[in-house]
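Number of protein chains: 2
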Amino acid sequence: MTEKIQVGIAGYGNLGRGVESAIYQNNDMELVGVFTRRAPEDLTLLNADIPVYSIHNIEDFKEKIDVLILCGGSKNDLPEQGPALAKHFTTIDSFDTHADIPAYFEKVDAAAKPNHKTAIISVGWDPGMFSLNRLFGESILPEGTTYTFYGKGLSQGHSDAVRRVPGVKNAVQYTIPNEEAVNKVRSGELPELTTREEHTRECFVVLEEGADPKDVKEAIVTMPNYFTNHDTTVHFISEEELKRDHSTMPHGGFVIRSGKTGEDTNQVMEYTLKLDSNPGFTSSVLVTYARAAYRLQQQGDYGAKTVFDIAPGLLSPKSAATLRKEML
Amino acid sequence: MTEKIQVGIAGYGNLGRGVESAIYQNNDMELVGVFTRRAPEDLTLLNADIPVYSIHNIEDFKEKIDVLILCGGSKNDLPEQGPALAKHFTTIDSFDTHADIPAYFEKVDAAAKPNHKTAIISVGWDPGMFSLNRLFGESILPEGTTYTFYGKGLSQGHSDAVRRVPGVKNAVQYTIPNEEAVNKVRSGELPELTTREEHTRECFVVLEEGADPKDVKEAIVTMPNYFTNHDTTVHFISEEELKRDHSTMPHGGFVIRSGKTGEDTNQVMEYTLKLDSNPGFTSSVLVTYARAAYRLQQQGDYGAKTVFDIAPGLLSPKSAATLRKEML
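These protein sequences, in sequence, are chains A and B. Numbering-wise (this note's numbering), the first sequence opens with residue 1 and increments by one. Numbering-wise (this note's numbering), the second sequence opens with residue 1 and increments by one.
Bear in mind the hints are in silico, worked out from the structure with no lab data behind them. Treat the hints loosely; a few may be bogus.
Copies of the same chain look alike in the list, so a pair counts if it fits in one copy or across any two.
Capping the alpha-carbon separation at 25 Å, the derived lysine to any residue pairs in SDA-like fashion look like this [what the hints assert, rightly or not]:
id	residue 1	residue 2
1	217	48
2	214	245
3	243	188
4	152	190
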């Protein structure tokens, strides 16, 4: 029997919990432990048999962990943790601040490469699977246009923005792709779409007692950057309705490449995700790429990588020969 | 300026013509010539300035061609040509007899590797892009089911079968995915589908003079393997209607992976192709992977490969840093 890949988790929020769950779906992996900045005894894992450690002691586990999955946030955790941990571990993360990826890549690469470690950054669905489909689309159909639509899905950033409006007790915001625009793109037309035409926004808001719904609505739809460029609908609901109907984190979207080959021949490639749980799916992508990180580390292919650098066959527990036989 | 990748085309049917057209869409490539078994003077290329040579003289071009794109058929051409040409050239082909891929891979590998050549086999959309999406689906969502639907598209094999029916002068057959089944799968249900439930078949038939439509229809719908397991509709049309309405080769389909993460959380990944020209799209995929074959050859990564072995970043003319900046 082959030995199982020994995996560690650094950080235990929605993403960490999703990664724990995904590891149990992969028979060639074993969870060594969860590392946290909180008091270890405060964490309740899905599997109570897995040990929880303080992240301050993580260097003691250098020899025991094959791949460390970094489950911190892109804003405050990863910019520090990514390069620091890539010095000592084979790592994988979901760094998703698109504009900062080139700088983050360089920092992680500078930490990993001289220490003979492999580090795959920015794994998930966007950046991640959506990025791959943008790349496939543009490469295969050089004469064409790529469209990325999001939703229907809960946007954390926009929900937070609505919650900051005076008079709002609680709220969620959904980003919704405009069906008419999507259908135009799917048909092979190459429409030029404004931001307003691509997505609409829908808010479900619980008011503070005494707040005026008209004022709150006005404050939301006129909020610069977040809502002024979109058609926004605001629904007022009770706290109970919010809890009952809006407590999951669905998301998804489409990447569509529409292009031409030969003379006036339309070709449309579309990649769609329909996710009941955004962190649950991101976690599953992370765990799959952890297998690839482990293999690259074994092969001596060190330094920072992205999904663009990973041959897809490295993602599967199956051998190359089995993949050719069963899946090609 | 970087030198352009020097490309050759072996075989000039629908696929070869598509490859010629696709090369002109890629500024980092240059077409050296087309190689044919026919009399070179009988070929009319899209660009009359490109030379046509007899395939018997192809070994004279060993130093002049960086990548040779094999555009022969999987049944009669590639089993011979693939291994023979992989001894002398970096090659790429669209070998698509799924059951024979493992044996073909071994033969091409045995020819290419000792001669320090790279050969990517079975490139296109199925095998090819669909295979990649089956692999991504199963790897990311290990607890789930993968569904492949084809169409609406013209099936060459089934059209040929209908044309062999006595009384049929000419015919085309379309494979059509069953919308109800597709929607069930998309919704996150994991239906067990019979062949009949997955696809229906639609035939457009031109009768020989005097043929009895009832007999012809009966002969088609009861044809073993081809039609008995499907609900088949037969339309009788005139030769003019066939020429006017059914002379293009559209195709496409979906790969859907439906699975669960965590407890009862549905996640659905879908990859869709809607192709106005099946050979036009396959050609474009071949040309993109030709770029990867060239790069692997430069890197000294020899032997037979499939799409599973190719890091997606190798497909784009853009540098890794540019891809991270623009597309991740």
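Inset, instruction - Find the hints from earlier in the document that the structure breaks and name them by number, from lowest to highest. - result: Hint check: 1 fails alone, others pass.
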